[in-house]
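Participant: Next come the chains, spelled out residue by residue.
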Amino acid sequence: MPDLAWFVVRRLAAALLVMLALSFAVYLIFYALPADPAHLACGKPCTPDRLEQARHFMQLDQTTIQQYLNFLRGIFVGRTFGEGAAAVQCNAPCFGYSFPLARPVTMLILERLPITASIAIGAAVIWLLVGVSLGVVAALKRGKLLDRLAVGFALIGVASPSFLVGLLAILVFGFWLNMVPVNGYVPLTESPVDWAWHLITPWLVLALLYAAAYIRLTRAQMLEELNLDHVTTARSKGAGEARVVLRHGFRGALVPIVTLFGLDLGGLLGGAILTEKVFSMQGLGELLLSAVGQLDVAVVVGTTLFSAFLIILANLVVDIVHGMLDPRVSHG
Amino acid sequence: MVGGCGLTFVGCLCVAWEEQFELSGVLVSSSVAGTVSPTRQALRRVRRDRSARAGVVIVGLLILIAVAAPLLVKLSGQDAYTHHIDLLDPARGNAPQGAVGGESSDHWFGVEPLTGRDLFSIVVLGLRTSLFIAVVATTVTTVVGTLIGISAAYFGSWYDAAVSRLIDFLFGFPQLVFMIALGIIVPPGFPRWLLLILVLSAFGWATLARLIRNQSKSLVAREFVEAARSVGSSGWHVITRELLPNLLGPVLVVATLAIPGYITAEAALSFLGVGVPPPTPSLGRSISDSIAWVYTGADPWFLVFPGAALFLAVLGFTLLGDGVRDAFDVRMRRAG
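Residue numbers (the working numbering), protein chains in the order written: chain A, 1 to 332; chain B, 1 to 336.
Don't read these hints as lab results, they were simulated from the structure.
Mixed in with the good hints, there may be bad ones.
Partner residues are not named here, just some residues of chain B that face chain A (Cβ under 10 Å, in silico) [said to hold, decoys possible]:
| no. | residue |
| --- | --- |
| 1 | S51 |
| 2 | V57 |
| 3 | S157 |
| 4 | Y159 |
| 5 | A161 |
| 6 | V163 |
| 7 | D168 |
| 8 | I180 |
| 9 | I185 |
| 10 | I263 |
| 11 | A268 |
| 12 | I287 |
| 13 | T318 |
Okay, the calculated bits of chain A under chain B, using three or more residues with CB under 8 Å as the criterion [stated by the list, open to error]:
| no. | region |
| --- | --- |
| 14 | 152-160 |
| 15 | 188-197 |
| 16 | 287-296 |
| 17 | 301-309 |
Owing to the predicted nature of the structure, the values given are computational and were not obtained by experimental measurement.
The beta-carbon is built from N, C-alpha and C at its ideal position, and this holds for glycine as well.
Model the full structure from these sequences, guided by the hints.
Facilitator: Take a look at the structure:
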């Protein structure tokens, strides 16, 4: 499939370009505007020469463009701040160095990623299964009780802000019924059972909210698809109902579902900010929130770029999958 | 065709409806008007739809409350800023005295724990803030998105390409992350409500613009547009008289469905502490403040009232938006 290969290459190049433009914009916005990281690092009292020293050490005395190029180079070859014994090493891939936390941003992100990924992927599995199957059933039983229930459930889910549902879940299941732990995270490698047990509430809360969109989308798509000519043809040729629904109806509904799923998951992996805050999980979103609180620009830029990277990656994957699922997408 | 509102934290409604548009191809054709205009037909359909009617009632009521909020507060004889320490119970960590969060004939929703401020005033004024920000952001994004979308389709060439790339760029942006991070760099003196509107609008117009661009693209190729062009109509005339009336349906649907998204986004940002600053009442911040009181069980009512107001607002606009969408969507309409 040389066509498809060419399509993938072009999409990849486009994604790289968007990423580059994005990183430049983010860098420019956060480093050209008022909050001065050196000022915060230099301590009190901050004499002009100490400030100058801090600036030089953090390599903020260069032009913005030079700083951005340093940042880009750091991703590939790493960076060293300062000289001699006081030098701070930031190994490749270096996405900046947090002076307040005295850690490379890459390390900080990698430490937090498993938590956010655990929340996002677990919830995604649940909402995909529940949302899509309920959507299909609702479409098949259109107008019946089951359809009404599914649509009602979807409406509540769509209309509920995640933090509100999360708080209610903690209140009811965590405190009143005392069934589930209310916060904290146990690494998967430590104890898979405790890991899942601590994550079950955030998973269900997120899944409830996201499944709603999938029920609505799947239902609408299935209704649309089942009315198309090729489905009628398949039926008239005597194909079994299960075959009609799955091979002909569901296949057509798959593309938009995959699109939505890829984007949702990509967005959530970059930081399930509200969920992490509600359930006191120390994920990427929490990293960003605390960095904002401490005016830690390097971490803010790093996490923002990392989230952007995941979203662009999700777009890319979705585009490619889309190209494979739907032959109508032009590869040319 | 890959979309995304980026505001994935609100459950990304946008992609869902965008997909529906692109696949069902909502087009209100003016050429097949018959005797009743499509808009009138759609209105009739909204009126017949039971859940849409419920949406209209809820939205109408909430807008009324939001508009009359200062009046209602005055009517209740309270305000959102006076502390009533005497109504708190120091033995229970300054939670309100009495049942239902200190509810009484003076304080209809009780009082806020720790400060003793009147919760009814906080909720109705907070609702006013939420709706105000959401409606202004929706208006701005609708106008900007429609204009940019139509003009991109109409003028085409490099302008269209540039707009499309800009939209791609905005979709790649982690919006919530960015909105939070902006908190660092915008000077504290800058009014936050304005910042919220600007930020929500800056990202929000892209979804609509892309939808409108794609819809207009197919309209521009149609005969009636060509006819208008061939008799020498100006670009402005074609856009406002030929294209815009045909796009009214999609624009209206997207605008109505965008409002609950903005309400949630504003509440989420306030919940995270980067929304409107205290002491301005805000539903999101009250919900955030209530966490500790909910966890200790000292005053769960502090969550219930603002939470219910927020839920109702989002639910009402979603019901209404769904109704408008069904009414304008020719193919999804119940045939007979």
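Participant: Each hint: holds or not?
Facilitator: Comparing the hints with the structure gives:
1. Interface restraint check: S51 (chain B) against chain A, minimum CB-CB distance 8 Å, threshold 10 Å, status holds.
2. Taken as an interface hint, V57 (chain B) does not check out: its beta carbon lies about 15 Å from the nearest beta carbon of chain A, beyond 10 Å.
3. About 19 Å separates the beta-carbon of S157 (chain B) from the nearest beta-carbon of chain A, more than 10 Å, and the hint is not met.
4. The closest approach between the C-beta of Y159 (chain B) and any C-beta of chain A is roughly 18 Å, which is over the 10 Å cut-off, so the hint fails.
5. Hint status for A161 (chain B): violated, given a least beta-carbon distance of 13 Å to chain A, over 10 Å.
6. Given the 10 Å rule on beta carbons, the hint for V163 (chain B) is violated: about 15 Å separates it from the nearest Cβ of chain A.
7. A distance limit of 10 Å between C-beta atoms decides the matter here; for D168 (chain B) the minimum to chain A is near 6 Å, and the interface restraint holds.
8. Hint status for I180 (chain B): holds, given a least beta-carbon distance of 6 Å to chain A, under 10 Å.
9. A least Cβ separation of about 4 Å between I185 (chain B) and chain A falls short of the 10 Å threshold, and the interface hint therefore holds.
10. Annotation: I263 (chain B) was flagged as interfacial toward chain A, and the flag holds, the nearest CB pair being 9 Å apart, inside 10 Å.
11. With its C-beta approaching chain A no nearer than about 6 Å, A268 (chain B) sits inside the 10 Å limit, and its interface hint holds.
12. Interface hint status for I287 (chain B): upheld, as the beta-carbon distance to the closest one in chain A is roughly 6 Å, under 10 Å.
13. Taken as an interface hint, T318 (chain B) checks out: its beta carbon lies about 5 Å from the nearest beta carbon of chain A, inside 10 Å.
14. Under a criterion of three residues with beta carbons nearer than 8 Å to beta carbons of chain B, the stated coverage of the region 152-160 of chain A is upheld, 6 such residues being counted.
15. Closer than 8 Å: that is the beta-carbon criterion, and the region 188-197 of chain A has 0 residues meeting it against chain B, so the requirement of 3 is violated.
16. Residue count for the region 287-296 of chain A with a Cβ under 8 Å from a Cβ of chain B: 4. That meets the three needed, and the coverage hint holds.
17. Here the region 301-309 of chain A counts 4 residues with a CB under 8 Å from a CB of chain B, which clears the bar of 3, and the coverage holds.
Hint compliance for this structure: hints 2, 3, 4, 5, 6 and 15 are broken, all remaining hints hold.
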